[in-house]
Amino acid sequence: MATDWLGSIVSINCGESLGVYQGRVSAVDQVSQTISLTRPFHNGVKCLVPEVTFRAGDITELKILEIPGPGDSRQRGDSQQMDTAMPGVGCQVGPSQNGTGKLLRKPLASSAPQNIPRRTDVKSQDIVISPQQQCSKSYMDRHLESLSQSKGFRRRHNSWSSSSRHPNQVTPKKSGLKNGQMKSKDDECFGDDIDEIPDTDFDFEGNLALFDKAAVFEEIETYERRSGTRSRGTPSEKPARYRHDENILESEPIVYRRIVVPQNPHKEFCTDSGLVVPSVSYELHKKLLAVAEKHGLTLERRLEMTGVCASQMALSLLGGPNRLNPKNVHQRPTVALLCGPHVKGAQGISCGRHLSNHDVHVILFLPNFVKMLESITNELNLFSKTQGQQVSSVK
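Take 1 as the starting number for the sequence shown in this note's numbering and just add one per residue.
In short, the hints are calculated from the structure, not lab data. Heads up, some of the hints might be wrong.
[Said to hold, decoys possible] Simulated pairs of lysine to aspartate or glutamate, EDC-like, Cα-Cα distance not exceeding 20 Å: (1) Lys213 to Asp203; (2) Lys344 to Glu246; (3) Lys287 to Asp272; (4) Lys294 to Glu283; (5) Lys385 to Glu304; (6) Lys213 to Glu224; (7) Lys46 to Glu16; (8) Lys344 to Glu300; (9) Lys385 to Glu300; (10) Lys213 to Asp201; (11) Lys63 to Asp29.
[To be verified] Here are the simulated distance ranges between beta carbons: (12) His330 to Val261: 25 to 35 Å; (13) Asn357 to Glu221: 28 to 38 Å; (14) Val291 to Ile363: 57 to 67 Å; (15) Asn357 to His330: 15 to 25 Å; (16) Gly19 to Leu208: 41 to 51 Å; (17) Glu252 to Ser316: 27 to 37 Å; (18) Val391 to Arg241: 15 to 25 Å; (19) Leu275 to Arg225: 42 to 52 Å; (20) Pro265 to Gly296: 23 to 33 Å; (21) Pro265 to Glu374: 42 to 52 Å.
Predicted, not measured: the structure shown is a model, and the values here were computed from it. Built from N, CA and C at the ideal position, the CB exists for glycine as well.
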């Protein structure tokens, strides 16, 4: 009973874990309750092993796709691959006497040589195939036939480089339906086997590690020194170029403590360039101002100088020319000045005037006093000519 099913094409469902297998029954063991399939397909993909065996406990559902005829079970395993590769050689297809359209295989005599017709001759012949003959091809036959046709198509078209070397060769024109051409193009692009894909990727890091850059440059330097290229000089050599702010002349050591005061400073300050600015006492400060005014550095000059320096420092802290740009109107900064009725207040007003001239929104807070210094009055007159705002109360 078990041998009657040999050669049948079945579909075995082994559940979600193992999937579905299709293949031809090659062996059935009633004692061990196993069944073997040759040339199996797992979930529509051809397996790498030629035969698989299933236990009865693993099988969830078994479907018989095709039962072989009386004379097909003997020659099915030997002639299956030849029939799918060359269906037009070695067999004849035609309707039977009763009109049922069975597939009849008649081997040609090996003693007499046969002429294999060309492709155009085969197409010119009238071949009549009934619908039952088309349906008689099993799922396995159609799948194997499509695989063999796609592989043969790739072999023909992958040899384009050889045809390009011989321009006299003429490539035969393709003839057929449009859908067939599109299917062939799809098989050529997406029909590569999994075996042809390399398992390992190219190791870029390992290949790059083999290149010793230092050794190569050292070899180049040695060759140039031996050949005298560096000593004699070549026309292709470009002269060395220096930046506009690069000092190519040797200079004396830099001295950062240039300002010296007679008294020991309690605190020291540093500029952005690193210069040290010491602090002085109140008595020394008054003495310096008196000597400066005696030599022509009047209060008006000191106010202007202090206002310019303070405004430059404030502008650099506000962002400089990157922020103080006509295109950045939405980023206009605002500066508030708190000044009193003394010389330091006059210096603050002078600083606000210079900031307002640089398009900074300035708000000057100066309380109302009965008597003010002349320097403050003069600075207020100049500040009123700008776009700055003066307030006397926080309310």
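Hints, one by one, checked against the model:
no., hint, verdict
1, Lys213 to Asp203, "holds (18 Å)"
2, Lys344 to Glu246, "violated (41 Å)"
3, Lys287 to Asp272, "violated (28 Å)"
4, Lys294 to Glu283, "holds (17 Å)"
5, Lys385 to Glu304, "holds (16 Å)"
6, Lys213 to Glu224, "holds (17 Å)"
7, Lys46 to Glu16, "holds (18 Å)"
8, Lys344 to Glu300, "holds (12 Å)"
9, Lys385 to Glu300, "holds (18 Å)"
10, Lys213 to Asp201, "violated (24 Å)"
11, Lys63 to Asp29, "holds (18 Å)"
12, His330 to Val261: 25 to 35 Å, "violated (46 Å)"
13, Asn357 to Glu221: 28 to 38 Å, "violated (58 Å)"
14, Val291 to Ile363: 57 to 67 Å, "violated (36 Å)"
15, Asn357 to His330: 15 to 25 Å, "holds (21 Å)"
16, Gly19 to Leu208: 41 to 51 Å, "holds (42 Å)"
17, Glu252 to Ser316: 27 to 37 Å, "holds (29 Å)"
18, Val391 to Arg241: 15 to 25 Å, "violated (56 Å)"
19, Leu275 to Arg225: 42 to 52 Å, "holds (45 Å)"
20, Pro265 to Gly296: 23 to 33 Å, "holds (27 Å)"
21, Pro265 to Glu374: 42 to 52 Å, "violated (33 Å)"
The structure shown violates the earlier hints numbered 2, 3, 10, 12, 13, 14, 18, 21.
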